[in-house]
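Student: Now for the letters of each chain:
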Amino acid sequence: MSEYLLAFKAGRAFRNEGTNRVEPSPTKGAIILTNGDDGLLHFIWKNRSTNQIEEDLILFPTDASFVKVSQATSGRIYVLKFSSSNQRHFFWMQDASDERDAKFVENLNGLLQDPEYTLDWSSGATTSAQASTSQVPQATPEQLAQIQRIVQSMSGTTQPPAPELSLTDILTSDNLRPLFTSHPELIPALFPHLPPDLPIPPSTEVLERVIRSPQFRASVASFDQALRTGLLGGLVRGLGLPEEAGTSVEAFLRAIQEQADRGDSMETD
Amino acid sequence: MSSVEESGGWQLTESDPGVFTELLKRLGVPLIVDDLYSLDSESLALLQPLHALIFLFKWIPESSSNSGSASSGVPDPEFPGFFAHQVVNNACATLAVLNALGNIPSLESGPELAELNSFTTGMDPQTRGLVITSADWLREAHNALSPPSAISLDELGLPKKSEDAYHFVVYLPFMGSVYELDGLKQHPVNHGTYPEAGEGWLQRARQVIEARIATYPPGALEFSLLALRDDPLPALQAQLTQLQSAGLDSEAAEIVARLANENSKRERWAFENSLRRHNHTGLAYGLLVALAKAGTLGKVKDEAKQVMKTRLEKRRERGEDMEED
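From first to last, the protein sequence lines are chains A and B. Counting with the working numbering, you get residues 1 to 269 for the letters of the first sequence. Counting with the working numbering, you get residues 270 to 594 for the letters of the second sequence.
Hints listed in this document are in silico derivations from the structure and should not be mistaken for laboratory results. One should not assume that every hint holds.
Listed next, with one range per pair, are the computed distances between beta-carbon atoms [unchecked claim]:
1) B:K578 - A:V206: 32 to 40 Å
2) B:V525 - A:P178: 37 to 45 Å
3) A:I200 - B:Q455: 43 to 51 Å
4) A:P201 - B:Q455: 46 to 54 Å
5) A:Q87 - B:K327: 47 to 55 Å
Going by beta-carbon spacing under 8 Å, a handful of chain A positions derived as facing chain B [unchecked claim]:
6) I58
7) L165
8) D169
9) I170
10) H193
11) L198
12) Q257
Where is the CB? At the ideal position from N, CA and C, for every residue including glycine.
With the hints as extra help, turn the sequences into a complete structure.
Tutor: Below you can see the structure in the form of C-alpha cells.
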C-alpha cells in the first residue's frame, strides 16, 4: 500500500436524522491520509477491529478541511467538509488523551491544503504562518452566528472555573485612550470595524464613544465568555489565528501578540 | 431547543426610547417615545400631545410577595378597544406599544400595522396576542434592534421566578376613562373617568401610577416611565417658519434651541441604534491587535489579571459565589 502521510485514532460519527445531532459511533478506527498509487491524496477511515478500509475519499488540495464541530456536546467531534460540495463526514477523536487533537488537526489541515506540507509536532505555536498584514480579517456572519450559538448554549446553572483575566478589563477606555494618543497610525485600520451605518463619519472620538458604549462592552463580555468555553477554534481561524487561539482568553491574546510580532517583523521601515 | 420555542424567535430588546422610536418608524407611525423622569405637570406639559404612558418595571421578587396587586381599578371584560395578551416573553415591549397604538383614535400608520389591526378586530385578547407574535414582519421589526450576539434571558435557562421580571404596562385614555393595559392580565383595567379640563387624563394617570409605585416596598422595584407622544419635529419646524416670517426673533430663537435639542437626541439615538445592530467582535479583535502592535498588550494583560484577582478576593470576602457580572 502507498505511503502514509498521517494517521491517528478516530472513530466515525453520524448525524441522527431525528434529532439532527451528530452522534459518535463506538467502533474503533483510524483516519489515514496517504498518497495513493494513483498519485492522488486519499482520506481513509479504517476500522481498527476488522482492519477493513470502510471509507476511501479522494481529495483535491484545498478542497477539504477538517474542523471541530463546536455545537457538539462532546468536544471532540470533527467534520470533514468540502468547499466544492455539501458532503459532510463526521469523526471523533479516539486517542486516549485530547492533548494532541489540535496537532493532528493542524497537520491534517496542512496536508489537505498542500500534500507537500511538512508535518509539525512542536508544541508551541503553529508554524503554518499566515502572513499577517495590517488588514484585519473580518469574521464572517457564519462565524459570528457560531459565537452566538455558543454563548447562548451556555447554561446559567454551570459556573465556569474562576477566570484568570477578562477581556473586559483589557479593552477599557483607560487602556485604549493612551494607545490612540501614542499610536495614531493604528487608528484608521480600526474604522472598518465600526458599524457601517453610524450617522457621523469615523474618527478617534467616535471610536472612543463606541468603546465606552454599553453595546460594545456587552459584546466584549460575550466574546470573553465564548472564549472561555474553549470552543472558538473555527472562529479564530477565520481571523488568521491558529486554532489553539480559540481555546482560552490567554491563548487568544498570546496568538494575537505572535501575529502582531510577525507582522511587525515583516514591515520595513 | 425548547428555549427557542418559548421566545418564539423574538429576541430581547433594550427598553430605550431610541429603540421604541425606531420601532414606531418601522410601523409607519408619526410618534416617538421619550424618557419621562418625573410625573410633575411641567415635565408632562412639555411632552404634549401625549398619547400614552408606558410604565416599565423590573420587579425584584424575593423582597415583595404580593405587593403591587392592590389595584384601584376595575377589570373591564367588555373593553371595546384593542387589547392583546402577551404570549411570548421577549415580545413584551412591542406588544405594549401595539396595545397603545391600537387605541389611539385616527392614528396614521403603515399598511402592515393597519392590516394587522383590522384583521384582529373582534378577536379575544389571547388570539390577538398569538396573531401578533406570529407576524413575521413585526418580529423582524422588533429584532432589528437587538444585538447580533445578545444573550436572551429566556435562553440562559434562568430559574422560573425571574422569567416575568420585566414587565410593561400601558396607561392611556380611552372613551373618557384612564385604562391600564397589561398583556399579562386577563382584562384591561378601568381606572375611572377624568376631567377634560386642565391636565385631563394625565392627572388621573399620575395618581394611579404613583399609588402603584407606593405599594412596593422601597428598593423592591426598578422602574422607568416612557411617554408615547407626537413627533415634535414637524410642529416645531412649522412654528419656527411662522415666527420667523412674523419677525419674532426671540421666540424663534427659543424654537431653534428646542429643535437643536431634538435633533441632537435623534443623532444620539441613531448612533446607539447602529451600535445595537452591530457585532463588535471584529473591533474588539482589532483593538487587541493594535495594543499588541503598540507593545502594550503584555502590560494591560498583567493589570487585567491583577484586577481579576482583586475582584475574586473581594467576592470571596463578601462570601459570594463566583457570579458573572
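Student: With reference to the structure, classify each hint as holding or not holding.
Tutor: We went through each hint and held it up to the structure:
A hinted range of 32 to 40 Å for the beta carbons of K578 (chain B) and V206 (chain A) is consistent with their spacing of about 34 Å. Distance hint for V525 (chain B) and P178 (chain A): a CB-CB separation of about 40 Å, consistent with the stated range 37 to 45 Å. The hint said 43 to 51 Å for the Cβ distance between I200 (chain A) and Q455 (chain B), and at roughly 48 Å that hint holds. Separated by about 52 Å at the C-beta atoms, P201 (chain A) and Q455 (chain B) satisfy the suggested range of 46 to 54 Å.
Checked against the given bound of 47 to 55 Å, the beta carbons of Q87 (chain A) and K327 (chain B), roughly 49 Å apart, stay inside it. Given hint, I58 (chain A) at the interface with chain B, is violated; its Cβ is 37 Å from that chain's nearest Cβ, farther than 8 Å. A cut of 8 Å between beta carbons decides the hint on L165 (chain A): the least distance to chain B is about 4 Å, and the hint holds. Proximity of D169 (chain A) to chain B holds as hinted, the smallest CB-CB distance being about 4 Å (cut-off 8 Å).
Because the beta carbon of I170 (chain A) sits about 5 Å from the nearest beta carbon in chain B, less than 8 Å, this interface hint is met. Interface restraint check for H193 (chain A): the shortest CB-CB distance to chain B comes to about 4 Å, inside 8 Å, so the restraint holds. Taken as an interface hint, L198 (chain A) checks out: its beta carbon lies about 5 Å from the nearest beta carbon of chain B, inside 8 Å. Below 8 Å, beta-carbon pairs count as interface contacts, and Q257 (chain A) has one with chain B at about 5 Å; its hint therefore holds.
Hint 6 from the earlier list is the only one contradicted by this structure; the remaining hints agree with it.
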